[in-house]
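Sequence order for the protein chains is A and B. According to this note's numbering, the stretch in the first sequence is residues 1 to 327, in order. According to this note's numbering, the stretch in the second sequence is residues 1 to 334, in order.
To be clear, the hints were calculated from the coordinates, so they are not data collected in a lab. Beta carbons: idealized from backbone N, C-alpha and C, even for Gly. Keep in mind that the hints are not guaranteed to be accurate.
[As the list claims (entries may be wrong)] Facing chain B, from chain A, some residues (calculated, C-beta under 10 Å):
hint: 1; residue: G45
hint: 2; residue: V194
hint: 3; residue: Q195
hint: 4; residue: S262
hint: 5; residue: N265
hint: 6; residue: R269
hint: 7; residue: V280
[What the hints assert, rightly or not] Some but not every residue of chain A turned toward chain B, in silico, with C-beta under 10 Å:
hint: 8; residue: E46
hint: 9; residue: L220
hint: 10; residue: V226
hint: 11; residue: Y255
hint: 12; residue: P264
hint: 13; residue: L273
hint: 14; residue: S275
hint: 15; residue: P277
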Amino acid sequence: MGDNDNKLLSVEELKVYFRSEDEVARAVDGVSFDVDREETVCLVGESGCGKTVTALSVMGLVPIPPGEIAGGQILFRDQNLLDLDDNQMQEVRGNQIGMVFQEPLTSLNPVFTIGDQIGEAIQIHQTAPQNEIIQRSQQLLKDVGIADPAQRLRDYPHQLSGGQRQRVMIAMALACDPELIIADEPTTALDVTVQAQILRLLETIQKERSMSVLYITHDLGVVSKVADRICVMYAGIIAEQGKKAAVLKTPKHPYTQALLASLPNREKRGKRLYSIPGTVPNPAYKPDGCPFHPRCRHAIQPCREQYPQMCDYEDGHHARCPVLFNE
Amino acid sequence: MNAMGSHNNTILQVEDLKKYFPIRRGFFQKITGWVRAVESVSFIIEKGKTLGLVGESGCGKTTVARLILKLLDADHGKILFNGLDITQLDEKEMKPLRKEIQIIFQDPYGSLNPRMTVGQSIAEGLKIAGIHSRAQQDQRLEKLLKMVGMSPASSDRYPHEFSGGQRQRIGIARALSVEPALIICDEPVSALDVSIQAQIINLLKDLQRQLELSYLFISHDLNVVGYLCDKVAVMYKGHIMEYAPADALFDHPIHPYTHLLLSAIPDADSSDTELMATADEASNTLNPPAGCSFQDRCPLAEERCQKGALEFIKAAPDHLVRCWKVTRNGTYSF
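If we strip away everything but chain B, and leave its shape as in the complex, we get (with noise of 0.2 Å):
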């Protein structure tokens, strides 16, 4: 067991990762500065166990999320894939790992082939995990089907025939195709309705203990991450802020900034907490201040903030957080 608490049952494990993406100005495009868009971002997902990364927009989890599937190459840090660092493989190596990391994307709809019916779509995948024969992929086809709770009928009708919560099945099957084990979740249930919404989890869930997956779930949405994740991870500007179970970072946050989220959840259930006075929102990360890339936005700020990195304190054994504020035994408390 090492720092962030990783032990054989670890699917992916990420480590110190950073990504920077140059600007480039002028005639000849000189790189005039850099977005530090993930910075220190380290975490651990276990098998068959869900990791919520939770964030404002712009800070960085899809980045996190392109790191992983390698769309990206990251600056520095490891991505360790069953214990295989993948960021030092080259394309041909990665090629056999490439199925075994999925994505669901927040629209289906721009992520499907219009000219492609869905069963073509969801055989595309089919022949990449090595299954030719035709009859063998409309077997395999009819079961993907089932299995996210589609009639085998819908397999030669086009994605515009169906509603978004039909799609978002569809991408689901589609990424069930060439058997993963772990799916990356771009917020999956963002755009459809709460009636839908609702199906769409259930069937996450249920697919996860059927299929034993592990899922890296991308949400803003702090009551599906409440009810849907094990473990979860607040970010902002490129750095992890609080890492902690859910149960743990829902009941006792500490980072000001998951206490800032947490009082901006509109809940239908507790409609009389009042709304934190929050100070203005996200500035770039374009040039970050030294020091707590929070610090403009946070009651709590002082003149320590300004300076140097800052290290993670446990304030528990699985409770990592990135204020200077925290005591070593974990008492600290607004």
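One chain only, chain A, in its complex shape (with noise of 0.2 Å):
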């Protein structure tokens, strides 16, 4: 991954496990990738494959114990975040790292005001005299299409439907004007309609004010639309990464290869979808070698032993598979 001054966010070698009486959770087992300035990185992957606990990472969210760092580095900014005191980290989070959680009404405290609450979000960084702040809310509110700013702000959240909820959420991360957005599985509680609203919403700000955007989603369907590069990730490592085009048309790891094709849409109607054999590994007790290789069907001897080698393609396109770059 070669320098930049343009580089944002730059994740490297990342382990975080869990450790519980008897057993370690390699939950992150060596994850390294960039999120450059105005550009849309998606973390993609099935449940348990480290998407989320990456994430949280970033934030400093993870819990300590029974979580625990146990390598490599988060570089914001050239600072590297794991380095920070908590006070430090608090500074970080919510002023230049936003983040929007998936389920927005558990995430918005029910029995405050949508006012209180965003005015909350920016009254943690910034001193600033309580009509300034209501006035500031309003635009917010405005910024991420609600109609009606003034009166919302007195809303209670459960007066509002999922889709309001979930742009209350990009205003609350929006409040302080950060460079990098964190969205974990923004749209996956919503319906389709309002989901593509909602990621052009994201698309719209991330322009307007020149920010980062970090992905976390399972859904394929969702990179497609919004993804700059896609980081594929299982079983706690990145498998592929690359650019969006390159990920997803000529994908160069077993692992990619598979989701793609077992995929449900219409053009594989009266064909059988090709499904994945077995279940994704306990983070506990992940095989040697190849975290994929028993569901692998390019799998080979070295593959049960040796860990796998990132192999480089073209134009910033890894995928962590010797086997399909040797052929």
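Bring the two chains, given one by one in their own frames, into a single complex with the hints.
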């Protein structure tokens, strides 16, 4: 990964483990990727692949213990976030990095109004007179496309629809003009039509404010709409990364190929869907060698013993599968 | 053959189904309004085929499922199962029919008793089906588990010991235990990961072929519906807006709402399609306007859309659309 000034976030060889009495779950096991300025990077993978833990580590929100950062660094504007203490991290979180979660109803406090909660997000990082905070909250709601913002500020979360709540969450994430937004499955709980609106909103806001977005999702369809670059995660590692078109059109890792082949759609009608045999491994008992080898149709003997090398294709496209690389 | 195209291959015919829920307020629980959850729903499911019922949350899809299962009583309309109107049956008359219509839920964990082993859960169905001898039960149990791709040893284990995909297989085995003819699949794969989703979809297809099952497949995922279903009914605020064979619906969608839904599909294969500009999200079904229920979001709405009830218009012999703007010969396009 070449150095350039355009780099905003750089995660290098990050390892996050969770310890319990008799086992260690290696949730994130050596993950490296960059997010450039004004770029959208998608972390995509199935449940338990470590995508959310990666995002939480960037925000400094991994509970320690049982969690443990076992190695690597997270450089945000050339500063290693893992070196910061709680107070310094508080400065970054919400201020320079905003976060949007999956379930807006559980991340909004039901007993405070929308206005209280957006105001709080501003006040944590900045001091401003009350009327200015109200004004800025109204502007934020307007920016995320909520009609009649003055009235909505007095509403409680339950009075809003799912799509509106997610807009409020985005407004809160934007409150301090962050440079990076981390969006963890922001549209998973929403209807397709509302999902389309929220995706478009995020895109517009990103352009207007020249922000970067780290998008975490399991939905390859959503990825194809929003991503500039894609990192496909499996069992705590990045199996493949590269530009969107390269990864979706010419996938070089058997896992990515299998995922795309198993997506149902109209064109595959009447044909049998490819299905990946078996299930995702338990992070505490991952197989030796390549974690995907028990489910892989290209697996050969070395896959069972050696941890696979990252193989480089053109234009920043990497895949951790020497078997397909050598073919 | 009647208006909806019914013939003796039909397993389920739903005609003009309505269900309103009262809203009660105040100390005396006075009825202050009605939620029109299902308002004029008609469709047909043929033997061995799959009908997809799609729509956004709150459009009434699940209420339709509950009406067909007779977990709720319809306010109006007919549900003909093999020609017999089940809305008229009382609890006793319904009992033998109950095992003909089964359901698979979205969240199999919520629908399996955590204190019963998988074997016990499935055996409940077998007892209802009249298989009481232990030996016969065990034999049938083994066969059912094999059918859904699980090892017979799993019958002694508890639901929490299984992954989401395995639990969904157990849910399917339990539905199959009474040898139903029709299975209502209520979002059966939406909670599953992509790789597991493909396994379950393949399983549902295999079972359909082996056992000649008919499915009512309720989903909001148009990619899955496009893959799996023979016919599709698009539902909006209690109305069926468009009803057509899957190919016709996806290739030549007619209703503006179908266009809206299709344009919102995120599809990994066509990364360059633009997201259609949509109006606000669906308002509630509390006080619907007169006329077309989609008028407030429709980009083509005009004055006549606010008047009177809409009837289905035949754009093609088996392609029905609830929209003024469709011409009788189906030449309608945007």
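Hint by hint, here is what the structure shows:
Checking G45(A) against chain B by beta carbon gives a least distance of about 9 Å; that is within 10 Å, so the hint holds. Of the supplied interface hints, the one on V194(A) holds, with its beta-carbon coming within about 5 Å of a beta-carbon of chain B, less than 10 Å. With its C-beta approaching chain B no nearer than about 7 Å, Q195(A) sits inside the 10 Å limit, and its interface hint holds. Below 10 Å, beta-carbon pairs count as interface contacts, and S262(A) has one with chain B at about 4 Å; its hint therefore holds.
Residue-level restraint check for N265(A) holds (minimum Cβ-Cβ distance to chain B is 5 Å; threshold 10 Å). For R269(A), the interface hint holds, the least distance from its beta-carbon to any beta-carbon of chain B being 6 Å, beneath 10 Å. Of the supplied interface hints, the one on V280(A) holds, with its beta-carbon coming within about 7 Å of a beta-carbon of chain B, less than 10 Å. Residue-level restraint check for E46(A) holds (minimum Cβ-Cβ distance to chain B is 4 Å; threshold 10 Å).
Here the hint on L220(A) is kept, as its CB sits about 4 Å from the closest CB of chain B, short of 10 Å. Satisfaction of the interface hint for V226(A) is found here, the shortest Cβ-Cβ separation to chain B being roughly 9 Å, below the 10 Å cut-off. Given the 10 Å rule on beta carbons, the hint for Y255(A) holds: about 9 Å separates it from the nearest Cβ of chain B. Annotation: P264(A) was flagged as interfacial toward chain B, and the flag holds, the nearest CB pair being 4 Å apart, inside 10 Å.
Among the interface hints, the one on L273(A) holds; its C-beta lies about 4 Å from the nearest C-beta in chain B, closer than the 10 Å criterion. For S275(A), the shortest C-beta to C-beta distance to chain B is roughly 4 Å, which falls under 10 Å, so the interface hint holds. With a least beta-carbon distance of about 8 Å to chain B, the hint placing P277(A) at the interface is held under the 10 Å criterion.
Violation of the numbered hints given earlier is absent; every hint is satisfied by the structure.
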